[in-house]
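Got chain A; can you put chains B and C on it based on the hints?
Each chain, letter by letter, is given below.
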Amino acid sequence: MPDNVVTGLSRRSVLTAGAVSLSVPAVAAGVALAGQPADAAAGVTRQITVYAEALPGGLYGYGLAPGQATIPGPVLEMWEGDTLEVTLVNRTDKRLSIHPHGVDYSTDSDGSPLNASFNAPGETRTYVWRSREMTAAEGRRFLPGSAGYWHYHDHAMGTDHGTGGLAKGLYGALIVRRRGDLLPEKQFTVVFNDMMINNRTAPATPMFEANLGQRVEWIAIGHGGTFHTFHLHAHRWADNRTGLLEGPADPSAVIDTKDLNPGGSFGFQVVAGLGVGPGVWMYHCHVQFHSDGGMAGLFLVREADGSMPPGAQDAIHRFHGHAHRTHH
Amino acid sequence: MPDNVVTGLSRRSVLTAGAVSLSVPAVAAGVALAGQPADAAAGVTRQITVYAEALPGGLYGYGLAPGQATIPGPVLEMWEGDTLEVTLVNRTDKRLSIHPHGVDYSTDSDGSPLNASFNAPGETRTYVWRSREMTAAEGRRFLPGSAGYWHYHDHAMGTDHGTGGLAKGLYGALIVRRRGDLLPEKQFTVVFNDMMINNRTAPATPMFEANLGQRVEWIAIGHGGTFHTFHLHAHRWADNRTGLLEGPADPSAVIDTKDLNPGGSFGFQVVAGLGVGPGVWMYHCHVQFHSDGGMAGLFLVREADGSMPPGAQDAIHRFHGHAHRTHH
Amino acid sequence: MPDNVVTGLSRRSVLTAGAVSLSVPAVAAGVALAGQPADAAAGVTRQITVYAEALPGGLYGYGLAPGQATIPGPVLEMWEGDTLEVTLVNRTDKRLSIHPHGVDYSTDSDGSPLNASFNAPGETRTYVWRSREMTAAEGRRFLPGSAGYWHYHDHAMGTDHGTGGLAKGLYGALIVRRRGDLLPEKQFTVVFNDMMINNRTAPATPMFEANLGQRVEWIAIGHGGTFHTFHLHAHRWADNRTGLLEGPADPSAVIDTKDLNPGGSFGFQVVAGLGVGPGVWMYHCHVQFHSDGGMAGLFLVREADGSMPPGAQDAIHRFHGHAHRTHH
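Protein chains in written order, with this note's numbering: chain A, 1 to 328; chain B, 1 to 328; chain C, 1 to 328.
Misleading hints may appear alongside valid ones.
Coverage of chain B stretches by chain A, computed from C-beta distances (three or more under 8 Å per stretch; other residues unrestricted) [said to hold, decoys possible]: (1) 222-236; (2) 246-255; (3) 269-282.
Everything labelled a hint here was simulated from the structure, so no lab data went into it. The beta-carbon is built from N, C-alpha and C at its ideal position, and this holds for glycine as well.
Chain A extracted, bound-state conformation (with noise of 0.2 Å):
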């Protein structure tokens, strides 16, 4: 494999890799994602610690331990109902904050310089992510719980809506799952910033990898200032909250391509490489000078055993080497 594919492993899971991070109670975020909740009442409180870095290249990333920054950051993941504290150390020389989407937070956790919500340089600050279930209201309505494939970001660095912390790569996944959601096998986090993904373009772009048959989740998160549609190719979806249909009446439409803007996202699981066979596939912006500028990557499905794919390869070879390029 070439130097500078760069796998979807480098992005850890709070909750499918808790052991990796020191801050990370080991055991109860192992058995999180291990099954569903022991106790489908009540929440859990998580402590974690996010380090805000600066990295290679005037960028700067999120990580789990020190030195272990990266773009995008750890997905962060809970169960509906669980609280999340997230101590952030600022380990740089700039304002910085992480902001969640989809969770509940005091004002005083918004991330924002309008709640003087934010860390100076150096300063380490706690910022406490709640989430629920959803809950009957009127009408036999249902008031929506925080479920969802979410992302965070900083909202303080450049401008007071973070527009420099993002442009130079402080962003990352956050899933609140339902109680009985599936859990995937494999994440991928793929970042459309711009006109980079996860602030690179072709054919550094990520190479994600899975095995024939497995399970795996994708979220997609926007960002920047700039517009584009998601596109996998021989895989699709359904255009809900899960990806899968929740049963045979569900109206949602089915689609292999969606918008994905600035402060957006989604995300879906599908079975890599049902009914298609292995292979490298392409997943890319659709905006075609976009593409064409280096928003593409690989999706390499391996064989069920973990090996190579016939000519699969030769299709690595041909995106590192003649790729993107104009052809007369």
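Using the frame of chain A, we list chains B and C on its own:
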């Protein structure tokens, strides 16, 4: 409160405040929103008069009485099955019209120059908007009814598509409710129109206010020539017709950010401060240079008794003095 | 009718008009759309030949017989479970391919240079598209089937993403239907491709025609590098898989405007003129400078007997003579 704060209250709903408009049959209008329609089968026909007027700064607005035009115009509401006869008085020296989304109208009520359906300068013309409930179709499907968070706008000023009228403020919200829908306690209309919100930029954008626990309805409308993503801090909604889950099996995604592009609209109800408490929360376009450029406003959630929560006045002060400048 | 009016009838569906194509087994194709599949369990395999050809003005198109290429190409349809073997004859001197959305294909039918899946100039190559019904998954969820309003397009001309082929007209609609889906009486394909509709601008855009009460199907597809919002006057649809409500509890929003961006597609059926009567209705991009610039067309709803409704000819005349100029 600073002088240039614009509250949501200036936009009157035809149904909530029908008595304000001389032309609305007051009792029928008031009854409609005081509860569900008395007769589930029969629709009501109401007449209103809308005045299109010039406003300071080269702007234009719609209003329910002479001299009372606002940007956006008044919220117009119907129950599915109702008819609204809109007599538009053109008090300007420009060609203009009123074109609705979501309802039924004959070509002569299209509001378009294509169908010779507009008001010449100084002209008065009546447009008829009808609505209907869903109806059974073949294959156990149903033809959609009219219920939705719609909008109305000029379709004749400046160009045959009303580009001039839209740029200058001739737009407003139109809501068609299905029997059984929950009625809100407050309503806010947010129009992302090119790089402005309700033709204003921060800090002159509307500050919407509610007390902790009130059910407030947001109607979001897009206009102009640029693309946006609407984000509300600390609140979220279901991405379906009402914003509330229609039952525990409703598969809709729950979101706090949604694309809001020219001609589109959506609405939702949230309980102010639910799970997060009172305070000053931002709503803004999540396109970074749009929010930095002034596409942001405030949602002030007061204490349940209407008093100001701790820190709220400071946040408002920051918004007016410090927001939307680059941080060094 | 003016000479430059393009009717929807020029785009032939493989299934509705299978007999037009010599390469389609005529009986099987005709049966498929005459009613539901005879055998609900087994899928059918059909072979078609598609010809990619140069058209006047530097354009290119797909067609079902030599010399019959159109922009957009023919509507291709399948029932879930069917397989379509598409033999693409490249009658041009350019590299090109056919890449489908929504269906299953192996890497050698990907239609991408990445997978060495394209037609060299003059080359004939067969692409195999399979489809499947939803299947039960864990947790009472269902893996989505293939049913949807999809599309196909070149992925090899000009760049590795087919940017040149798309700009010049190599695209069309692909519909996969679920058993039980309603079949339309007429079909219209609308492709927003950069600043054009079906590579035309007003008044040369298609005028689609139906008689009052006919159930017509719109397939809307986005391509190119710009973002759009599709709006249809006086008709609306549910924002779900079919555009019809799947039952009285379907929570989908009902809309008349939807984002239509590169690589995306959606479809819906409406009853022509239902509740509004016959007449000339506009469909257009609701981005103001796009509609002003020519992204608008006409939907002519004739009387039930096919005759012209009052005022319709005048409106068509206005569209051709006066539309899309600034009004002073």
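- Violations among the numbered hints: none
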